[in-house]
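Each chain, written out:
4 protein chains.
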Amino acid sequence: MSNYKELKRECYEANMELPRLDLVVYTFGNVSAVARDKGVFAIKPSGIPYEELAADDMVIVDLDNKVVEGKMRPSSDTKTHAFLYRSWENVGGIAHTHSTYAVAWAQAQRDIPIFGTTHADHHTHDVPCAPPMSDELIQGDYEHMTGQQILDCFREKNLDFNEVEMVLLGNHGPFTWGKNAAKAVYNSKVLEELAKMAFLTLQINPNAPRLRQALIRKHYDRKHGKDAYYGQNG
Amino acid sequence: MSNYKELKRECYEANMELPRLDLVVYTFGNVSAVARDKGVFAIKPSGIPYEELAADDMVIVDLDNKVVEGKMRPSSDTKTHAFLYRSWENVGGIAHTHSTYAVAWAQAQRDIPIFGTTHADHHTHDVPCAPPMSDELIQGDYEHMTGQQILDCFREKNLDFNEVEMVLLGNHGPFTWGKNAAKAVYNSKVLEELAKMAFLTLQINPNAPRLRQALIRKHYDRKHGKDAYYGQNG
Amino acid sequence: MSNYKELKRECYEANMELPRLDLVVYTFGNVSAVARDKGVFAIKPSGIPYEELAADDMVIVDLDNKVVEGKMRPSSDTKTHAFLYRSWENVGGIAHTHSTYAVAWAQAQRDIPIFGTTHADHHTHDVPCAPPMSDELIQGDYEHMTGQQILDCFREKNLDFNEVEMVLLGNHGPFTWGKNAAKAVYNSKVLEELAKMAFLTLQINPNAPRLRQALIRKHYDRKHGKDAYYGQNG
Amino acid sequence: MSNYKELKRECYEANMELPRLDLVVYTFGNVSAVARDKGVFAIKPSGIPYEELAADDMVIVDLDNKVVEGKMRPSSDTKTHAFLYRSWENVGGIAHTHSTYAVAWAQAQRDIPIFGTTHADHHTHDVPCAPPMSDELIQGDYEHMTGQQILDCFREKNLDFNEVEMVLLGNHGPFTWGKNAAKAVYNSKVLEELAKMAFLTLQINPNAPRLRQALIRKHYDRKHGKDAYYGQNG
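As given, the protein sequences belong to chains A, B, C and D, one line each in that order.
Mind the numbering: the first sequence is residues 462 to 695 in the working numbering, read in order.
Mind the numbering: the second sequence is residues 462 to 695 in the working numbering, read in order.
Mind the numbering: the third sequence is residues 462 to 695 in the working numbering, read in order.
Mind the numbering: the fourth sequence is residues 462 to 695 in the working numbering, read in order.
No wet-lab data here; the hints were simulated from the structure.
Among these hints, one or two may not hold up.
If chains are identical, the list can't say which one is meant, so a pair holds when it fits in one copy or spans any two.
To be verified - Below 25 Å or equal to it, Euclidean Cα-Cα: the simulated SDA-like pairs (lysine to any residue) are: (1) K687 x R571; (2) K640 x R683; (3) K527 x G686; (4) K532 x D688.
Note that the structure is predicted; figures quoted are calculated from it, not measured.
So that you can see chain A by itself, here it is in the shape it has in the complex (with noise of 0.2 Å):
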């Protein structure tokens, strides 16, 4: 019996979600879950189709990437996974896909600027499109790399993970984080229906403004200011 079915679980649930909500083809993406008590967390298997899955298949990594359980290598991006978790204490879950949208902007290397409401309903800043990396990088750790490449954007630009809970990474693609891996995967939806927003707002007025600072702030902190309004809780 596994220590950690639950987190498994968890794990597995999340991952399943990215086909049902067209953000990923194939193998492609990847979404875990972590222990903090444990110091573990559970993430896909690389390379395996979705239809294929089942939750006992999540493989258990440490927070140094060391396997823990699992017959399965893990997926190929488990460093970078591993370097936020280190980084982030807060953080319980973590998405990787390469929806349509998201990755348009990230290999168009802009920011999405945050055009409207739906956007400001979930952060006060444009996404942020970390650059790639410098050739050295690259051919050093380079997952471990791509954790440091998303922090050092994080600092560089003065932005709060607790409250930007999505980045792009620069010609690869989208990475998001929440409270916990279905948070991870309910951020990683909204980034592409942002990503699609964005781009049809330019098409009709390449002029367009970004939202207000007011109604930025207003629309936020409705959801999650310390008088928020918005759903059952508070």
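For this one, chain A is given, so just place chains B, C and D on it according to the hints.
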């Protein structure tokens, strides 16, 4: 036993159409249905995913925004619905979504030009885009002022809400309405179609002319005029 | 017992294909099927949603627009169908939709250029876009004149309706036809595909050249020429 | 009893994936699977809709285009398949579709630039677009020359068909291949995704740079290089 069982049912059915018609993801969007004789309307509870909704979860609110029946908090947009019901006597249902193409036009802050008969089959004007609110209004009673903003836009443009049953809120997204909740949702879907068609039209021909007046009248009148011959009534 | 049971069935099946092929929403669109020997055609009743249609609801109309059998009012576009059946002897079925990409080209008032073999597999010309009617014609017998407008467009461009089984009506949308109702619907779907492909082609390369004449002939003839070798016939 | 039961089954399953993956409508597209030891391949019969196909309908053809078994005429593109099997020894399956975005690039007569890691996960080059044939070639043995055209394109660009398993035929559409028929279909789907992502990338940033060489190598090698660590093999 609720006194509003039928009203809740109407409201629930209309809300459940939104994900079926691909107009919302997650908890985005909300529909309400009014009972004029009882001075109340039913509306979706805030932040509840559609797949978890039950008819009995609909919240009953009076036209002064007071909850009359319901265990849950009503949609955060409730005051906008109440404002429009107070202002416009014939309206029986209201829908609000973040559907992709309508939002893109709202974020581009442009009216949707009447380019064809699909549009004129429904009304005879460009779909109006209300400008974003000033900072003072945003920091005041925001959802109330959102209703005011819609009203002002219709007054300024001299539009009749009985004919034009849809509006874009600049930087936000669409509100639609109709004689009942089902018609409001129908208008949300039609608006999304018009928004997509108009977007594509401008991509193919940036100088595409608006539909000529005679054709606007012809198509609108054959469906809605006194000698209408579309459909099975009249 | 109806004398037109089979005709109604053919017409009904073809109509029901439209929502399945994503060519219509709600009550948009209509298909008819003609029985030349009986001098009548069956057509969708006006304004009825597809999910409520039954085969027996199809309305039987003669070529002078008189209802021969049926409890409901026929499609408001009936006179256009009748006109085309009177004008073009070999046509067995006609379809009209408001499919998104075809409408966008109609609203842009542009012919769809023949850019590739997908197009040439079906016919050898740009898909013609008939110009919008003059104001007098619109105020006259509108649906009759819509047929006239299509006929004039084919005459002016010297097109053969036996080869080119599709047209765009400027500012309105597509009409398609064929040897029977099923083929007319097939052409509606093909047209929507061609419209989308041509739109994307021009986005990628605004100077994309039309398909060269030798390739147009080759692809058309291998499917439709006297030495055709596509398919299982001939 | 057929001697080719398994081969037909492989070919049939691969063909049926095309409509499931939204890569074809109606009778568009065809997949073949080769049995090198028997000197034959199985291919879809010409002009048969997917929903009417049975495994036993697959036509068995030898590498000189002669039908060996089968009641139906093979795909009109059979000679192109045979040509490629003769030219490229390791290829086990070939797929041809008219998928929307890939066709748009083919009609635009442009290579698909390698903009991101989704692309580099599969190969290290732009997806080549072979130029349209000259008029003489078209009027000759067209489908045979289509194969020649692909071969010439790969030779001129110095591409290895073992690495780059996809090509666009100018004005026509994509051909893809792989170690077996399933892999060929996989490549058709991947190509359609790459085509859509690249289209959107250029819309967002017309000056989007190609992926840098170090990242191309990194992503390709971690999946396909001698020290590959993606997936469960090696």
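Tested hints:
no.: 1; hint: K687 x R571; result: neither (32 Å within a copy, 34 Å between copies)
no.: 2; hint: K640 x R683; result: within (20 Å within a copy, 30 Å between copies)
no.: 3; hint: K527 x G686; result: between (39 Å within a copy, 23 Å between copies)
no.: 4; hint: K532 x D688; result: between (48 Å within a copy, 20 Å between copies)
Consistency note: the structure conflicts with earlier hint 1 alone.
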